[in-house]
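Engineer: Read off the chains here:
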Amino acid sequence: MTAYFLRRLLGLIPVLFGISILVFAFVRAIPGDPARVMLGERATEEAVLKIRADMGLDRPVLEQYFKYIGGIARGDLGTSIFSQIPVTEDMKRRFPATFELSIAAMLFALLVGIPLGILAAVRRNTMVDNVAMAVALIGVSMPVFWLGMIMKYLFSIQTKIFPPSARISDVLSFGFEPITNMYVLDGLLRFNATVVWDGLLHLVMPAIALGTIPMAIIARMTRSSMVEVLSQDYIRTARAKGLVQRTVIWKHALRNAMLPVITVVGLSFGGLLSGAVLTETIFAWSGIGSWIYEGIFQRDYPVVQSGVLLVSLVFVVVNLIVDLSYALFDPRIQYR
Amino acid sequence: MTASNKIETPFNIIRRRFRKSAPGKMGLVLTILFIALALLAPVLRPYDASLDGNLEQKFQAPSLQHLMGTDDLGRDIAVRVWHGAQISLRVGVISVSIALLVGSFVGFLAGFFGGWFDTIIGWLTDLMLAFPGTLLAIGIVAISPKPSLENTLLAISIVQIPIYIRLARGSVIGLRDLEYVQAANALGANRFRVLFKHLVPNALTPLIVQATLSVATATLETAALGFLGLGAQPPTPEWGTMIADAFRGAYWDSAPWTTIFPGLAILVSVLGYNLLGDGLRDVLDPRAVN
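Quick note, the sequences are listed as chains U and Y, same order.
With the working numbering, letter number 287 in the first sequence gets 287, and the count goes up by one each step, no holes.
Start counting at 1 in the second sequence, then tack on 1000, and there's your number in the working numbering.
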């Protein structure tokens, strides 16, 4: 297991190296000069050249790349061209926001998707199954941003049940010192029930919007995996022993049926991270997604570079964790 | 179990199985309906987006005269949604075709010949799959000089290529060592003949299913890029761009029909492709039993 783990970690190096080159090249290929964007159309040519020199943009590309890689190694990701704030500062504030949102979305996806899939499998080919799978199919066919807007219209504008945007009410954000920048968790850590409740209210709609597609995928996967497992001999044996349905489903079948579901959960994480770009735009959620999006428009090289690098890093690591977690769920798998 | 001694052709088997697949039939009907609507749009109601609009009739709620209401420029949303179907279909079909052709060609070669070519292609696919799809598409569109529908099409197609490389490579590797292929080799068949005559036809099934499902993804991604302002530009009646107009113009909440109907069009068309893809998988995958 340890050897396998190390081998997988080493295998990450060429991929991460490739990612860093690709991201670096990509960002520089975005048309438009950041110095020009920063100074505006009417700035003189000398001013633009001076800013370019200050930012190191007049150096050879290879030199810029090595400087950038060296910076990463030292934990220095550069300074945002637009806001002049070190990228790591922004990241510390924004990554927890996206993390909080993704966790909430994934919780929603798991808590709704798995029971829905189990229900459909157990009541296979009945009305219940059909309805559950119709819900799942509509879920994967839904444009995330549209779902977000419809929810916002129904629950914030028409009925005012949930706040329409932002992560926390303005009134509360003054005088509250965040620790982790995940407001719900921070509220708990500071024993501040108002913040916890307020944070949760702000979280509900974005999390559902973001979690709908993974929910649907998980429900479909759980169903098909469950159907397969339920037809196996050991399940018949368990039933023949006289075990009640509940025990058979939850203790015998579910554990084996979860393996493909875990893969899907891991893969959905990438979808969550890119879905975050859309969801965060709709709900004015100041996370990594909206950061990258704004960065592209402002030609903010260091921001886009670091944001995309972070997202793909998270994605790669999550997939590694998923692979490793197979061993926990399937005792037949042994890594060597 | 009738006493008929008619030999069933594969096509007959497929047709018989497809008839039994309720989602497949539903998807087929939806998709055909959608394609018909898209193709008929320019014939039945020619439309020039840049000339449209009647400011005296802006923000009208849905009525008999304007089935889906009108937007900020007094444009009829139903007509725009209808013509959007054409755009959506075009982007979906072309981008997936490119990805399917390029991806499976490369995948077949990599799987069949192996060696250093396979290693490099494997690394490149891993690399591309390390970026979440939509994010990669956003990146590709961002480096193009101007956001446009053509660039969206290209970006979506590039993002899908690695999926087809993997699938094609996998199915060729699975078939490569079967007896009939060895037999063909033993008979001295040319390597390319073995690949394209004997392997490729048998490896197509998963690719066809994936292609149908990819059109669904492509439709969603086109809309997403349009919504972010990175895809089709106004006044093109692309569905995502229409929703973006309403969102940025801050009239989506006072005139919700400007958002609801383009979104429903996305939902229904994607639903059709997904149903059809599911149906095809049931039919074409010999392991799938119902």
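Just so you know, the hints here were simulated from the structure itself, not pulled from any lab data.
As the structure is a computational prediction, the values presented were derived from the model and not from experiment.
Fair warning: there could be bad hints in the mix.
What the hints assert, rightly or not - Just so you have them, the derived chain Y footprint on chain U, three or more residues with Cβ under 8 Å:
#1 14-22
#2 27-39
#3 148-154
#4 255-262
#5 273-279
#6 288-298
#7 311-318
The C-beta atom is built at its ideal place from N, Cα and C for all residues, glycine as well.
Engineer: All hints, please: hold or fail.
Structural biologist: Hints and how they fare:
1. Counting residues of the region 14-22 of chain U whose CB lies closer than 8 Å to any CB of chain Y gives 5, which reaches the minimum of 3, so the coverage claim holds.
2. Residues of the region 27-39 of chain U lying with their CB closer than 8 Å to a CB of chain Y number 3, which satisfies the three-residue condition for coverage.
3. With a cut-off of 8 Å between beta carbons, the region 148-154 of chain U has 4 residues touching chain Y; three or more are needed, and the interface restraint holds.
4. Three residues within the 8 Å Cβ limit are the bar, and the region 255-262 of chain U against chain Y gives 0, so the coverage statement is violated.
5. As drawn, the region 273-279 of chain U meets chain Y at 5 residues by the rule of a beta-carbon pair under 8 Å; at three or more, the given contact holds.
6. For the region 288-298 of chain U, the stated coverage by chain Y is satisfied: 3 residues place a CB nearer than 8 Å to a CB of that chain, which reaches the threshold of 3.
7. Only when three residues or more bring their CB closer than 8 Å to a CB of chain Y does the claim for the region 311-318 of chain U stand; here the count is 4, and the claim holds.
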